[in-house]
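Trainee: Single-letter residue listing:
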Amino acid sequence: MGLTVKTMADFFAEGKQPEVLFWVGSAGSYDERAKKITKAFVKILNQAGVEFACLGTEESSTGDAAKRAGNEFIFQMQALMNIEVLNGYEVKKIVTCDPHSYNTLKNEYPELGGNYEVYHHTQFINQLIKEGRLNIDDSVLKSKRLTFHDPCYLGRANDVYESPRELIRRLGVNFNEMKRHKRNALCCGAGGAQMFKEPEKGDMDINILRTKEALETKPQIIATGCPYCNTMMTDGIKFHEKESQVEVKDIAELIAEANNL
Amino acid sequence: MEYIPNIVFALLLIAGFGFFANNVKKLIRNIKLGKDVDRSDNSGERWKNMAKIALGQTKMVRRPLSGILHVIVYIGFIIINIELLEIIVDGLLGTHRVFQGFLGDAFYGFLIGTFEVLAVLVLVAVFIFWTRRNVANIKRFLSPEMKGWPKNDGNNILYFEVVLMTLFLTMNATDTPFQEAGIGNVFSQFLVPLFDGFSADTVHIIERFAWWMHIVGILIFLNYLYYSKHLHILLAFPNTYFANLKAKGGFTNLASVTKEVKLMMDPNADPYAMPEEGEEEEPEKFGASDVTDLNWVQLLNAYTCTECGRCTSSCPANMTGKKLSPRKIMMDTRDRLEEVGRNIDANKGTFVDDGKQLLNDYITPEELWACTSCNACVEECPVNIDPLSIIMDMRRYLVMEQSAAPQELNMMMTNVENNGAMWQYNQMDRLNWANED
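Residue numbers (the numbering used here), protein chains in the order written: chain P, 1 to 261; chain F, 262 to 698.
For reference, chain F alone in the conformation it holds in the complex:
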């Protein structure tokens, strides 16, 4: 009978991590629905970017207030989770504060003291974050795409943080032997008087309750991630590793187009030639109308986005009242990918056409045509997400598969095709300027 708590604890851990692992598998499967793109080059530079941007948060602090608050919550999150190790060991072995024994009072006290300070700082930061999201009129939190679930999701995560930090501090405050030892209780000692009126047994029960709820809360939080925007705490790392390293202005050259254009320009090519036996292949689709036309890095981008909206707040089209919001492009891509994933789950592993796609059902041409390709969103993203590449791939589909460009652009393109300039000028007049006064 005395082992029941240990067994319950082990089962909880297995369930919590098992369920999470199952969702991670789904996540990876969904990301792999994207087309292949080679990002295996320059691993040195990629590791450096990951260390600087994901771990070092260098792009976060470009906006100092939200940046520094974020660093506090982030450090708090990582460091306080060291405590989780002790909780797991204690839970499985039935010990109590097992690290105190072999780390020594001084060092153990220092660690727990640091955790307590961080926990309080996290509470302060979370309070400011909540105020920014719900009280202060900050434009990027009020965009149309932030109504409903995205708003609640953002708040839920803040509430989680508050609950977890409070449980951690309560657990320490009600741990009578820990308080009596007087090591590391830098903040929790001030909470002790709150429990003055209670019997020793009650205080102990509160301590056990807080301890159990702390670990249960963490497991719930872990499993909440997959259903929320909050996956960035994990995906920021691969996302910054696999991000584009080339100049941001260089867009991809569609290889399928190169093949056709070269054939067109080759004077020896026979346009009526039948493809050779076995050579026949499905003509490739140009551009993207659904998530499966995008590449896996773009899909990873979509799952990584935490909807902070820095992209949208720096987008010239959005700033001037156009419908385009780079954040919405990422959210739509993720939501559609999730829908495709659920479809696959429901149909025993194969996607059954649902008559929907990313284009029109999620992202409208009006949004796509408002983009100036200025790269402000790409530059701004704290974890190197590239909304512009998705916009461009979708424009390519509109133009090359549907001939659905705005009329003025069709005229411009016809001019380029006919006379090698965006306007109706004769190529023979290209050097006229040299002879004008």
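This is chain P alone, in the form it adopts within the complex:
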């Protein structure tokens, strides 16, 4: 099944407004692994009949990574440029699969003139279910052992712990929490621009420790809700030589799989 993806420019040409803007984010646009998450989420949006738009070539980095690295100049330049585009299209509602984009759009853009209703994709999918526009088939992944890694920028940063878990419960899986979860969850090691640099000297990389904690729950699937966590956890699984037994999946991918999309 091909994907139906329209841009804001397409909607604008038709004189229409989409229901929601899908902020794909840089990882979701370019990273091979993260693109699969993007596509899985689009399939879900298509199945639920959501009229959504992407910015396409008009999207640019939110500036989040530059801000966490300490470069407020580049962040604010990116933010002001993006806000100009978003406000130009009169965007009201945004959904994204990236907690880092979610966080900065929701908490840091308003002061700079960008005021939007911002949703993480797990929140948005929950809404679709509550509105009766989407169902999750709980037979496909039935009884698979699954654990969930809380992304810091969704969890502690924004206190969103339940929306991914509500979706997990609908998948019919055998869900086991790690010892450290929700507000006590351990970071995957990518945040604060660490994704783009080598770690400082220490005894261990953070993602190795976090995947060790995940493996203690004997999972078949490690679910997460962030493209960067996904990379870190996947690398960790490879380090522990468990890549043949354990998959790292975004919740959107699991829903797409459950619904055979």
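Be aware that one or more of the hints could be misleading.
Unchecked claim - Computed list of lysine to any residue pairs in SDA-like fashion (alpha-carbon distance at most 25 Å, straight line):
hint : chain 1 : residue 1 : chain 2 : residue 2
1    : P       : K238      : F       : K320
2    : P       : K179      : F       : W684
3    : P       : K36       : F       : K320
4    : F       : K507      : F       : K584
5    : P       : K6        : F       : N514
6    : F       : K584      : P       : K43
7    : F       : K523      : P       : E111
8    : P       : K238      : F       : M580
9    : F       : K320      : F       : G458
10   : P       : K212      : F       : N514
11   : F       : K412      : F       : V423
12   : F       : K408      : P       : I208
13   : P       : K197      : F       : N514
14   : P       : K43       : F       : N693
To be verified - From the structure, some residues in chain P lie toward chain F, with a derived Cβ separation under 7 Å:
hint : residue
15   : N71
16   : E162
17   : L209
Keep in mind that the hints were calculated from the coordinates and are not lab data.
Here the structure is a predicted model, which means the values were calculated and not measured.
Beta carbons: idealized from backbone N, C-alpha and C, even for Gly.
Keeping the supplied structure of chain P fixed, place chain F upon it in accordance with the hints.
Mentor: Here is chain F on its own, set in the frame of chain P:
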């Protein structure tokens, strides 16, 4: 002559509280060295947070053992200090157990009985605390920043508690009329046999000694606070009141940068325009390299920290052996602020450059770059201290004032600047995924 004890007592009180007030003034002056930040909004929510987190200790008990022990010592501390009121009145008026008269035996006995039970519980809790700090191998008490004074400071406070509680119980046990009345001596009655061999006069002298040392001890403890990590017993309240209420993931947007970026993006702005007469101002420093670049809430945070180390024990960088310890960030900030304060005192009210700063002399870039900004330290702090905001402000200084980011981050930032992504991809390829299989 008969008024000499009353006068001595009054002088002691004046000296004790006066010295303390003087240090509090210094403390407030030092905190005000920080930059302004507006925390006057949402007073309702702020009072609620203070009641819940500082008074109600809700974040303390997230770790049940140390949490509950702490609640015992805390309740003991507050309630037993009601006794202090009586001591002050007795001391000034030359009376003895003045509250017994107008509270009535039953209620007075109930109060003192409660104090005695609490005093014993405090002793037990303090013993466990001491064991945890000195015998049990608890990692967060063994970090490098806890060597030397911080370790001794922690123990000193425990010893203070032991001495004060022991004096309180001894004072009651040797108070013969109080023991004979048999009200409220729930625990001290068991100590009476210890003094069996002594004459009535000696017992009375011991009672007077314990009574005087109890009040003197409290005044010393009060004045020890300023020199120790223990200020949290007072500062936890303003600290939780003024803490950030917004989502923890939202970092501040530097207003000085917004001004410049807007100017840069404004096609009508003349980049070579001379500032108008009177408009010229000192270019603002971006980020923080010293304590005076931080805001006053961050400085209040530093004085409030009691070095419990819950932040450090939950920090992913610290757990994996990196140099970063959020507790050390707070301790360094406080120590440097104290140094700046002493400098001001020594130079008649103005700071004279001492060639030192918070960055490098206290906190190294290696520590700052190890942070994942995961907010675990902020979440964990029992009194809502925010080490992350200090780390970020210092990174901003490193990057925007010194261009001293790690090379890979410079590459990432250049990419964002040039092609709107952290990697070298063309913005025109952003939607390619939609047409791949």
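Trainee: Against this structure, judge whether each hint is valid.
Mentor: Hint check results:
1. P:K238 x F:K320: This hinted pair is violated, its Cα atoms lying about 37 Å apart.
2. P:K179 x F:W684: The given pair, whose Cα atoms are some 35 Å apart, is violated under the 25 Å limit.
3. P:K36 x F:K320: Between K36 of chain P and K320 of chain F the Cα gap is close to 40 Å, so the pair fails against 25 Å, i.e. violated.
4. F:K507 x F:K584: Violated, at about 29 Å.
5. P:K6 x F:N514: Violated: K6 of chain P and N514 of chain F sit about 32 Å apart, past 25 Å.
6. F:K584 x P:K43: Not OK: K584 of chain F and K43 of chain P at ~44 Å, beyond 25 Å, violated.
7. F:K523 x P:E111: holds (13 Å)
8. P:K238 x F:M580: Cα-Cα ~21 Å, so holds.
9. F:K320 x F:G458: Roughly 49 Å separates the two Cα atoms, so the pair is violated.
10. P:K212 x F:N514: Not satisfied, since the Cα-Cα distance of roughly 36 Å exceeds 25 Å.
11. F:K412 x F:V423: holds (17 Å)
12. F:K408 x P:I208: Violated: K408 of chain F and I208 of chain P sit about 30 Å apart, past 25 Å.
13. P:K197 x F:N514: holds (24 Å)
14. P:K43 x F:N693: holds (16 Å)
15. N71: holds (5 Å)
16. E162: Given a least distance of 16 Å, the restraint on E162 of chain P is violated.
17. L209: holds (6 Å)
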